[in-house]
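I would like the entire structure built from these sequences, with the hints used as guidance.
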Amino acid sequence: MRLFDPAVQMLRGLYETMKQMLFNPVVTVQYPEEKRKVSRRFRGRHVLQRYDNGLEKCIGCSLCAAACPSDAIFVESSENTDEKRFSPGERYASTYEINMLRCIYCGFCEDACPTEAIILGDNYELSFTDRQSAIYTKDFLLEPVRAASMLTPQKVAAGAYPRSVPEMEDPSF
Amino acid sequence: MTDLVTLTIDGKQVSVPAGTLVVEAAKKVSIDVPVFCYHPKLEPAGMCRMCLVEVGLPMIDRATGKPVLDDNGQPKINFLPKLETACTNKVVAGMVVKTQLTSEKARSGQNSTVEFLLTSHPLDCPICDKGGECPLQNLTMEHGPGKSRFLFDEKQRLDKHVPLGDLIWLDRERCIQCGRCTRFQEDVAGEAVIGFAERGRTMQIVTHSDPGFDSVFSGNTTDICPVGALTTSDFRFGARPWELDEQASICTQCPVGCNVTLNTRREAKADGRIVVKRVMPRQNEEVNEIWMCDKGRFAHHYTDAANRIGKPLINKDGKLVKASWKAALDLAAEKLSASKKNLIVLASGRLSNEDLFNLKSLADGVGGQAILYSDMGGGEATLPVGLSDGSNLGALGKGDAILVVASDLYEEAPIWWLRVKQAADRGATLIVANSRGTKLDKFATHKIRYEHGQETATVKELGGKNKHADAIRKAGNLVVFFGNDGMGLSGSTSLGAACAHLLKDSDHIGRPNNGLVGVWPRVNDQGAWEVGFRPSVNLAEEIKGKAVYIVGADPAGDNPALAKALKSAKFVVVQDLTHTATADLADVVLPAQAHTEREGTFTSGERRVQRFYSAVPVFGEARPDFVITAQLAREMGYILEGSSVSIVFDIMSQSLSAFEGLDYPLLAEVTVQWPEVGHGDIYYGGTSYENKKGLGAHLSSAAQRGDAVRLASPRANKLPKPKENEVLAVPVTKLYDMGNTIASAPLLDGRVGEATIALNPLTAAELGAAAGELIRVGWNGSQSEVRVRTDASVAEGVALVPRSFGIPVYEPIGLPVRTVKKVKA
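First to last, the sequence lines map onto chains A and B.
Residues in the first sequence are numbered from 394 upward in steps of one, following the working numbering.
Residues in the second sequence are numbered from 151 upward in steps of one, following the working numbering.
Simulated from the structure, these hints should not be mistaken for lab results.
Hints are not guaranteed to be accurate.
A few chain A residues facing chain B, derived, Cβ under 7 Å [claimed, not checked]:
(1) I452
(2) C454
(3) S470
Beta carbons are placed, not taken as given, at the ideal position from N, Cα and C, and that holds for glycine.
Here's what the structure looks like:
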């Protein structure tokens with residue numbers, strides 16, 4: 394019997410392979426033609442959100458930078474005017490940079506944001522060839538607009554935004 | 151010695167002087183009672199109700215007047231039925247206090263107070279400039295309820311965006327109505343330009359003055375504001391407080407030498423450079439306490455000016471071109487060496503002690519002249535009888551006297567004005583002698599008004615027999631401030647000598663809290679006098695045909711006569727921060743580092759030597775002044791210390807007796823100061839910084855050392871007699887002028903305004919000019935447009951001309967009025 398042993402072993406192997414091939418679901422994803430769906434709580438590249446009218450949600454408070462454990466975020470703020478309005482309220486981020494080489498995608502910035510302006514999206518396709526281009530700036534991070542009129546800065550009616558920060562929902566509700 | 155009172159706070163026994171407030175007594179035993187309206191520098195108000203504590207007093211038997219004892223033989227304590235404010239109640243012997251640490255009642259009282267304060271607070275901490283260093287934030291986290299029972303929709307809505315003048319912003323919603331700012335302006339600064347309007351929940355801060363918040367101390371209210379209601383325009387949305395680095399420095403705007411902290415941050419707007427974002431006061435109870443003036447706070451931008459020089463320049467065929475340090479130094483050394491004894495070193499009091507010492511050593515080595523660029527003299531008098539070691543203006547009070555002659559302290563040195571005013575409040579006799587009215591008059595015990603030219607004679611009379619002289623003779627301590635208000639170099643030289651004689655003759659020298667203080671135009675003029683620089687009456691003549699090494703001064707920009715003289719100089723080397731008009735005339739321009747970029751020391755008018763530290767990276771290829779001088783000297787064949795600033799200081803302390811025994815470690819020493827501010831408890835003293843980098847040290851005076859006190863005799867001051875159709879134009883100093891150190895702060899433009907000459911209304915009427923009218927005055931071939939202001943306290947026939955406003959009046963001169971004509975109303 395010992396004579397036939399190798400053949401039996403081989404057939405057994407082939408049987409296993411055929412079984413896997415024909416009856417098990419395919420798990421290979423044909424990236425990049427095909428992309429895997431990420432989970433709802435996936436933490437990918439940051440996106441700076443806008444309100445429906447196009448104004449930026451970010452108020453330049455720098456709390457994301459304070460929360461960032463890897464010191465990847467740099468924010469500098471300026472004052473809004475009704476002539477040149479970026480965000481509702483008094484203050485907006487005139488500079489917003491994230492160093493993607495430093496970011497560890499922990500999502501603390503998202504937690505710290507008082508206006509839900511920064512969201513870690515589902516984009517994980519980041520590539521850069523030098524350190525300079527690893528620094529993502531505000532125009533790169535901002536959510537795209539649907540119409541040119543929604544671009545910031547916007548000219549708004551005087552006194553249209555009297556609050557220093559937009560009203561937010563009471564988190565206890 | 152005041153009586154000590156013993157009380158018990160949270161079971162800890164503490165003995166404090168009678169009259170101490172409970173909150174201060176608690177602080178002594180490291181118990182922090184939370185406060186908002188209470189401030190150690192202000193009178194208590196009891197407005198915020200945050201410091202609620204349980205207070206018990208020993209029960210007294212009415213019949214015997216003795217304390218009632220309980221079963222254990224201890225005094226029976228009768229606790230007051232309601233919670234008491236720790237900030238208004240003074241300690242009483244045997245008092246028992248239970249703070250939030252031991253009393254549930256106190257804890258819930260404070261908890262409710264926070265809840266109440268937050269009912270209408272906007273909670274916009276994310277964008278508030280105070281966020282991160284906010285007492286309300288901190289105390290809410292520590293003592294607040296965490297949840298509010300009040301309805302969000304019923305929040306009070308008030309204006310959020312109210313400018314109180316150009317410098318201070320008010321957010322009415324954030325205000326918790328503690329009244330710290332109004333009490334500061336009224337009690338400390340003596341200028342009640344802001345106050346409360348309306349009542350109850352809608353009570354709001356308003357300004358009464360025009361321009362709004364017209365006080366040079368306005369920035370201090372933003373420091374002591376326990377919320378973000380008052381913020382500065384300069385720092386508005388500049389950065390979050392936790393992102394800032396801090397470095398100790400000294401303010402360079404006047405001779406007071408306020409201790410400051412520079413807050414720096416890397417900034418995208420400044421192309422990624424690290425820049426000074428704000429200047430904050432640093433506690434030094436003997437200099438500026440925890441205050442500073444708006445000029446120091448907002449005019450710091452000149453170190454970052456657009457016309458900073460970053461590379462040496464050499465004049466090639468009438469054009470300044472960039473060169474290497476070696477080429478520039480070689481050329482300068484060659485030409486300066488060639489001039490031999492015909493070298494003039496012209497330096498200003500903007501430089502540090504070490505720079506001036508090296509410059510003086512170079513001038514001495516070559517055999518040239520070291521001239522101080524200044525139109526105020528009298529420094530010879532401050533060397534022997536200057537303010538003595540151990541002096542503190544804050545210690546002057548009842549029985550002491552302060553004399554202020556020919557100086558408008560409010561405009562020239564605001565913090566001295568504040569300190570002098572406070573001494574007068576404490577009961578010191580304040581004698582103000584001036585040719586015109588100043589803001590200090592209001593607080594003066596005696597006012598002396600003299601005619602122009604009579605300054606020296608007036609001071610001499612104070613040594614004679616009259617009520618003013620009596621006040622001086624009887625004074626326990628006497629401090630004399632002298633300036634150059636309405637005078638030039640020769641007048642102030644003579645006045646300084648007269649003041650020194652007055653101090654010596656009334657035996658007010660060589661003791662702490664006695665002596666002479668020069669109100670100099672620049673931060674370190676006193677240091678320049680100490681190392682041997684002397685001003686020259688005839689500067690234009692001196693520099694003609696000579697090699698001139700100008701450091702930290704802009705004579706050509708200030709005075710057309712000096713510009714002309716410089717053109718005929720043989721060789722001009724200019725060493726400065728910025729590209730000035732003088733630099734345009736230079737053969738070699740050497741870029742110097744600003745005080746924010748390097749280390750060094752300044753000597754204040756009170757003769758206190760204080761260290762400043764480097765806070766930002768060096769601009770371009772600039773080098774420190776003392777290093778450039780040493781390198782230049784080396785090329786010329788003289789060895790000066792040019793590597794370490796502290797070694798230059800050591801050499802200085804060995805060769806100058808006033809500096810003897812001082813060194814850098816000594817200047818960096820800190821002792822515990824009261825009140826304790828700047829620790830974790832920003833709610834207590836505000837956001838002024840704790841002093842961690844040195845309180846500085848006083849220089850010794852000849853009188854104190856026991857050396858012979860030799861004083862020059864004051865000379866009679868001759869004034870030009872205005873001819874017919876002329877007025878006597880005299881120079882006066884304005885706080886905000888058009889000088890190089892202010893020009894780069896556009897925020898102050900509104901305060902600088904335009905050139906304005908002050909005339910007596912009668913004189914103005916004679917000239918046919920009404921107040922507020924624009925007139926054209928011309929003399930010496932130049933013309934200026936100036937606005938007329940009338941002031942009844944100005945002598946008839948006299949025009950007060952502000953310095954550094956483009957009108958070259960440095961000495962009293964006759965101003966022809968024929969050329970005065972109206973341009974427009």
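Right, here's what the structure says about each hint:
no. : hint : in the structure
1   : I452 : 5 Å, holds
2   : C454 : 4 Å, holds
3   : S470 : 5 Å, holds
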